[in-house]
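Chains as they are written, first to last, in my numbering: chain A, 1 to 66; chain B, 1 to 256.
In short, the hints are calculated from the structure, not lab data. Any given hint could turn out to be false.
[Stated by the list, open to error] EDC-like mimics (lysine to aspartate or glutamate), calculated; alpha carbons at most 20 Å apart, straight line:
#1 B:Lys-82 to B:Asp-135
#2 B:Lys-82 to B:Asp-110
#3 B:Lys-82 to B:Asp-61
#4 B:Lys-82 to A:Asp-55
#5 B:Lys-82 to A:Glu-2
#6 B:Lys-82 to B:Glu-28
[To be verified] Here chain A is said to cover these stretches of chain B; the calculated rule only asks that three of the stretch's residues, wherever they fall, bring their Cβ under 8 Å from a Cβ of chain A:
#7 33-43
#8 81-89
Note that the Cβ used here is the ideal one computed from N, Cα and C, for glycine as well.
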Amino acid sequence: MELTVNGAGRSVAADASVADLVRDIVPHPRGVAVAVNGEVVPRTGWPARMLRDGDRVEVLTAAQGG
Amino acid sequence: MPFELGGETFTSRLILGTGGAANLHVLEQAIRASGTELVTVALRRVGTAPGSTGGLLELLDRCGVRLLPNTAGCHTATEAVKVARLARDAFDTDWVKLEVIGDERTLLPDGVELLRAAEELVADGFTVLPYTSDDPVLARRLADVGCAAVMPAGSPIGSGLGVGNPHHIRLIRQGVDVPVILDAGIGTASDAALAMELGCDGVLLASAVTRAADPVAMATAMRYAVEAGRLAAGAGRIERRFHALASTPDEGRPEL
Chain A
1 MELTVNGAGR SVAADASVAD LVRDIVPHPR GVAVAVNGEV VPRTGWPARM LRDGDRVEVL
61 TAAQGG
Chain B
1 MPFELGGETF TSRLILGTGG AANLHVLEQA IRASGTELVT VALRRVGTAP GSTGGLLELL
61 DRCGVRLLPN TAGCHTATEA VKVARLARDA FDTDWVKLEV IGDERTLLPD GVELLRAAEE
121 LVADGFTVLP YTSDDPVLAR RLADVGCAAV MPAGSPIGSG LGVGNPHHIR LIRQGVDVPV
181 ILDAGIGTAS DAALAMELGC DGVLLASAVT RAADPVAMAT AMRYAVEAGR LAAGAGRIER
241 RFHALASTPD EGRPEL
């Protein structure tokens with residue numbers, strides 16, 4: 001299925017969860033947070049939250065600023 | 001005297017932002033030189049903004065400083081509340097430097113959205129440190145809804161213009177019972193010292209250090225400026241006089 005991840009198109013397996021996607025993007029998910037379609041998905045909910053075609057996913061982490 | 005903030009005790013009254021540093025090596029040296037114990041970071045897409053490619057959290061660990069997430073770049077209460085919740089999930093802290101920008105050119109805060117976001121985050125258990133304008137009434141409202149401190153801008157972010165309205169900073173200090181931290185606009189050490197002399201409990205700055213020609217030297221200067229300003233504030237300065245007051249007595253002057 002096709003997702004938008006951090007503003008760019010990305011193909012993932014049809015049964016992918018948020019946890020699967022995060023694992024693909026960052027090897028060590030320390031300091032990472034995820035929002036799907038503008039809503040926060042807490043870390044504890046990543047494995048159970050299945051992604052759907054067309055989901056907009058933000059995978060965020062610490063950056064210099066402020 | 002130690003600095004109480006959000007139920008925690010700090011020795012340093014200088015809070016450092018991480019934006020603008022040329023690289024993580026310089027940032028680490030500046031953090032160490034500044035003596036800070038609290039450092040603010042933004043939340044951005046993985047692998048995009050400086051620092052987001054990894055290493056920033058490890059750097060803060062090595063320096064032994066506490067992390068203060070911020071909502072930099074947010075323009076509405078809704079957006080800022082979401083970013084605060086994402087930061088809490090990412091970094092296991094309910095502390096947040098709350099920033100809701102209301103104007104692109106000055107980056108001054110939107111007071112209406114800021115107050116709304118502060119209320120919601122306090123109710124959700126956050127320790128809220130709001131970046132606010134130098135409006136004494138808004139500062140009081142933020143303290144009234146339960147913010148752990150108020151952080152008025154001395155002048156616009158990154159401007160280096162220093163403390164534009166010292167009178168208002170004094171009024172803010174008198175008007176609230178929570179710590180007042182001068183946040184934004186500091187250009188050089190004397191600005192930070194002035195903020196402390198006005199009665200501020202701390203200073204938060206980033207660009208003044210990270211964009212200085214020698215960030216490590218400026219970080220050291222800021223460390224001493226905050227300490228000097230704090231000491232001077234408590235030392236009872238002399239009155240300003242129109243004319244001179246001789247410091248040497250007339251008695252015993254030779255006749256020549």
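The hints, checked one at a time:
A C-alpha spacing of about 26 Å is found between Lys-82 of chain B and Asp-135 of chain B, which places the hinted pair above 20 Å, so the restraint is violated. At most 20 Å may separate the alpha-carbon atoms for a hinted pair to count; Lys-82 of chain B and Asp-110 of chain B meet this at roughly 17 Å. A threshold of 20 Å between alpha carbons decides the hint, and for Lys-82 of chain B with Asp-61 of chain B the separation of about 25 Å lies outside it, so the pair is violated. For the hint linking Lys-82 of chain B to Asp-55 of chain A, the alpha-carbon distance of about 18 Å falls within 20 Å, and the restraint holds.
Between Lys-82 of chain B and Glu-2 of chain A the CA atoms are separated by roughly 25 Å; this puts the pair beyond 20 Å, and the hint is violated. For the suggested pair Lys-82 of chain B and Glu-28 of chain B, the alpha carbons sit about 29 Å apart, so the restraint of at most 20 Å is broken. Residues of the stretch 33-43 of chain B lying with their CB closer than 8 Å to a CB of chain A number 4, which satisfies the three-residue condition for coverage. Only residues whose C-beta sits within less than 8 Å of a C-beta in chain A count toward coverage, and the stretch 81-89 of chain B has 5 of them, enough to reach three; the restraint holds.
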